[in-house]
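One line per chain: the protein sequences are A and B, in this order. With the working numbering applied, the first sequence corresponds to residues 4 to 427, in that order. With the working numbering applied, the second sequence corresponds to residues 21 to 146, in that order.
Be aware that a few hints might be false.
Derived pair list, reagent style DSS-like, types lysine-lysine, alpha-carbon separation capped at 25 angstroms [to be verified]:
| hint | chain 1 | residue 1 | chain 2 | residue 2 |
| --- | --- | --- | --- | --- |
| 1 | B | Lys83 | A | Lys39 |
| 2 | A | Lys199 | B | Lys56 |
| 3 | B | Lys97 | A | Lys59 |
| 4 | A | Lys74 | B | Lys92 |
| 5 | B | Lys97 | A | Lys199 |
| 6 | B | Lys109 | A | Lys184 |
| 7 | A | Lys388 | A | Lys340 |
| 8 | B | Lys99 | A | Lys199 |
| 9 | B | Lys99 | A | Lys161 |
| 10 | A | Lys105 | A | Lys5 |
| 11 | B | Lys92 | A | Lys199 |
| 12 | A | Lys74 | B | Lys83 |
| 13 | A | Lys59 | B | Lys64 |
| 14 | A | Lys340 | A | Lys406 |
| 15 | A | Lys184 | B | Lys97 |
| 16 | B | Lys83 | A | Lys105 |
| 17 | B | Lys92 | A | Lys59 |
| 18 | A | Lys161 | B | Lys97 |
| 19 | A | Lys59 | B | Lys56 |
| 20 | B | Lys64 | A | Lys199 |
| 21 | B | Lys99 | A | Lys184 |
| 22 | A | Lys374 | B | Lys56 |
| 23 | A | Lys406 | A | Lys384 |
| 24 | A | Lys39 | B | Lys113 |
Here are some of the chain A residues that sit facing chain B, going by a computed Cβ distance under 10 angstroms [stated by the list, open to error]:
| hint | residue |
| --- | --- |
| 25 | Gly42 |
| 26 | Asn46 |
| 27 | Gln47 |
| 28 | Asn51 |
| 29 | Leu62 |
| 30 | Pro65 |
| 31 | Ala68 |
| 32 | Met153 |
| 33 | Glu154 |
| 34 | Gly155 |
| 35 | Arg200 |
| 36 | Gln204 |
| 37 | Pro392 |
These are calculated hints, taken from the structure and not from any lab test. For each residue, glycine too, the CB sits at the ideal point set by N, CA and C.
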Amino acid sequence: MKHDIVIIGGGPAGLAAAIAAKEAGVEDVLVLEREKELGGILNQCIHNGFGLHTFKEELTGPEYAARYIEKAQALGIPRLLRTTAVDLRRQGDSVVVTSVSKQDGLLQTEAKAAVLCMGCRERPRGALNIPGTRPAGIFSAGTAQRLVNMEGYLPGRKVVILGSGDIGLIMARRMTLEGAKVQCVAELMPYSGGLKRNIVQCLDDYGIPLKLSHTVVDIEGKERVTGVTIAQVDGRLKPIPGTEEHYDCDTLLLSVGLIPENELSKAVGVELSPVTSGPKVNEQLETNIPGVFACGNVLHVHDLVDYVSEEAEQAGRSAARFVREGRDAGQREIPIKTAGAVRYTVPSTLSPGRMGPEAVVRFRVGRNMRKATVRVLVDGKEVLKRSRPVMAPGEMEQLKLKKEWFTDACQEAVIEATDGQEGN
Amino acid sequence: MAVRELTCISCPLGCPLRVELDGQGQVLSVTGNTCKRGEEYGRKEVTAPTRTVTSTVRVEGGKAPVVSVRTKTDIPKEKIFACMEEIRKAAAKAPVRIGDVVIPNVAGTGVDVAATKAVDSLGCPQ
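Please put together the full structure from these sequences, using the hints given.
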């Protein structure tokens, strides 16, 4: 049996994409989910602060997920749980997902279109090159979060955290509330990648020191971590001799970045961006493979789930349109280029002929900026100029490109962010 | 006179605030802010700071060992650990529904602790 749309992943992106596709009139939408329940990472994010944009109230992760799960149920969208997609390929006019599960064994799902909603993974210790032994007691912050919040198990009592990403900050507070002693958070960079709000409410509230420009230079312990050594780093991020401090601890948490999980995307031949590690997409959020769309953290790592939902709704609508009308292959696409401190844009191409009245572009800058100016240029001509009092690498930005700015002859659009500090 | 140094969290700017208090704990001045919200945050944060507490509570007879919970609204900051003490001792009986009150009037704050997730009973079919 051939489905209209298969959604790979039942987290916030997959749920919003499925709902939007169904609401756009597509009858046969199927969601594949690896876990035993829908909701994805939101299930372990029990803290509040989700949904301020979408629902105008501060929900916890499970509450935010429940709103979408209930809606998907009300729309009668079928899902296969405990089902892990292991391969994706194109076959004629179809996409075929191969998945495995305890109940069905090996399963092949054929569909007219697929939406990639696999999310991201944490960067592991192996990617960090920390010297020292390999004892138990080293967890990624998200693993610790799952153990505490879903399994009801406290993974350690005396803790050091490396990396000040938001999950690390959230876990500093969570472990403290559960009775563990969090001794410090070490951050390699001279600034934190986490939200200000989290630094104040997760560290300052509990007197946990944030040591900027510090890293772990040694891990001790044979069976279990017994201590770590932290040192200050110089401007080239090299440890400064003589600045070492030892901490006795049984646990080291790592909160050192997220990487979009694109094994399936690679399998089907999706072209990835070296900057985001996610698929390159056009303004329909369609990849270079016809009928394969992407949204959420598999596309690029987001800061707020509200933006994931919004982006996924767009991907769901685009997939619905593909099912209805097929690919609008005759349309010319132009690149959306970056300038100044802009690191990347999603989408990275756009078709002036195919786009709706507006196309949302999401982007991030590569450094902290004050009194910044964001400009959009079409073929060198400024079509939008906006001042931003502050911009930070940790926060996603977005703007809307208007169809009226483009003509059939346009060659490129450029998104630029400057603050007069270029080249410093 | 006392001085409190804070980081404003009203927006991503994160202004460094300096709040001056008199001997009775009355706010004399807020400086360092660049907007009105900063002043309001500074005043509230030194006189009556509040936080929402989120945690988990043990579940008896459920498909999951714990259920996530929250204080329905924010509570005084100094009550956080008293609140956690009650949360640690509490248990919920499956089935649990979102919004079920797990601890009424936690730590005498007048605020209830409620479940933020549903947990089915062990025998309940998928």
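Here is how each hint holds up against the structure:
1. B:Lys83 / A:Lys39: Holds, because 11 angstroms separates the two Cα atoms, which is no more than 25 angstroms.
2. A:Lys199 / B:Lys56: Given pair Lys199 (chain A), Lys56 (chain B) holds - Cα atoms ~18 angstroms apart, limit 25 angstroms.
3. B:Lys97 / A:Lys59: 24 angstroms, holds
4. A:Lys74 / B:Lys92: The given pair, whose Cα atoms are some 23 angstroms apart, holds under the 25 angstroms limit.
5. B:Lys97 / A:Lys199: The given pair, whose Cα atoms are some 18 angstroms apart, holds under the 25 angstroms limit.
6. B:Lys109 / A:Lys184: With a Cα-Cα distance of about 20 angstroms, the restraint between Lys109 (chain B) and Lys184 (chain A) holds, given a limit of 25 angstroms.
7. A:Lys388 / A:Lys340: 16 angstroms, holds
8. B:Lys99 / A:Lys199: Holds: Lys99 (chain B) and Lys199 (chain A) sit about 23 angstroms apart, inside 25 angstroms.
9. B:Lys99 / A:Lys161: 24 angstroms, holds
10. A:Lys105 / A:Lys5: Measuring from Cα to Cα gives roughly 22 angstroms; hence the hint holds.
11. B:Lys92 / A:Lys199: Given that 25 angstroms is the threshold and the Cα spacing comes to 24 angstroms, the pair holds.
12. A:Lys74 / B:Lys83: With Cα atoms ~23 angstroms apart, Lys74 (chain A) and Lys83 (chain B) stay inside 25 angstroms; holds.
13. A:Lys59 / B:Lys64: Cα-Cα ~22 angstroms, so holds.
14. A:Lys340 / A:Lys406: 17 angstroms, holds
15. A:Lys184 / B:Lys97: Measuring from Cα to Cα gives roughly 19 angstroms; hence the hint holds.
16. B:Lys83 / A:Lys105: 18 angstroms, holds
17. B:Lys92 / A:Lys59: Measuring from Cα to Cα gives roughly 16 angstroms; hence the hint holds.
18. A:Lys161 / B:Lys97: Distance of about 24 angstroms is within 25 angstroms: holds.
19. A:Lys59 / B:Lys56: 21 angstroms, holds
20. B:Lys64 / A:Lys199: Holds: Lys64 (chain B) and Lys199 (chain A) sit about 18 angstroms apart, inside 25 angstroms.
21. B:Lys99 / A:Lys184: 19 angstroms, holds
22. A:Lys374 / B:Lys56: Satisfied, since the Cα-Cα distance of roughly 19 angstroms is no more than 25 angstroms.
23. A:Lys406 / A:Lys384: Holds, at roughly 15 angstroms.
24. A:Lys39 / B:Lys113: 21 angstroms, holds
25. Gly42: 9 angstroms, holds
26. Asn46: Since chain B brings a Cβ to about 7 angstroms from Asn46 (chain A), closer than 10 angstroms, the hint holds.
27. Gln47: 9 angstroms, holds
28. Asn51: With a minimum Cβ separation of about 5 angstroms from chain B (threshold 10 angstroms), the hint on Asn51 (chain A) holds.
29. Leu62: Check passed: Cβ of Leu62 (chain A) comes within 8 angstroms of chain B, closer than 10 angstroms.
30. Pro65: 4 angstroms, holds
31. Ala68: Where the cut-off is 10 angstroms and the nearest Cβ of chain B is about 8 angstroms from Ala68 (chain A), the hint holds.
32. Met153: 7 angstroms, holds
33. Glu154: For Glu154 (chain A), the interface hint holds, since the closest Cβ of chain B sits about 6 angstroms away, which is under 10 angstroms.
34. Gly155: 4 angstroms, holds
35. Arg200: 4 angstroms, holds
36. Gln204: Holds, about 7 angstroms.
37. Pro392: With a closest approach of 6 angstroms, the Pro392 (chain A) hint holds.
No hint from the list above goes unmet by this structure.
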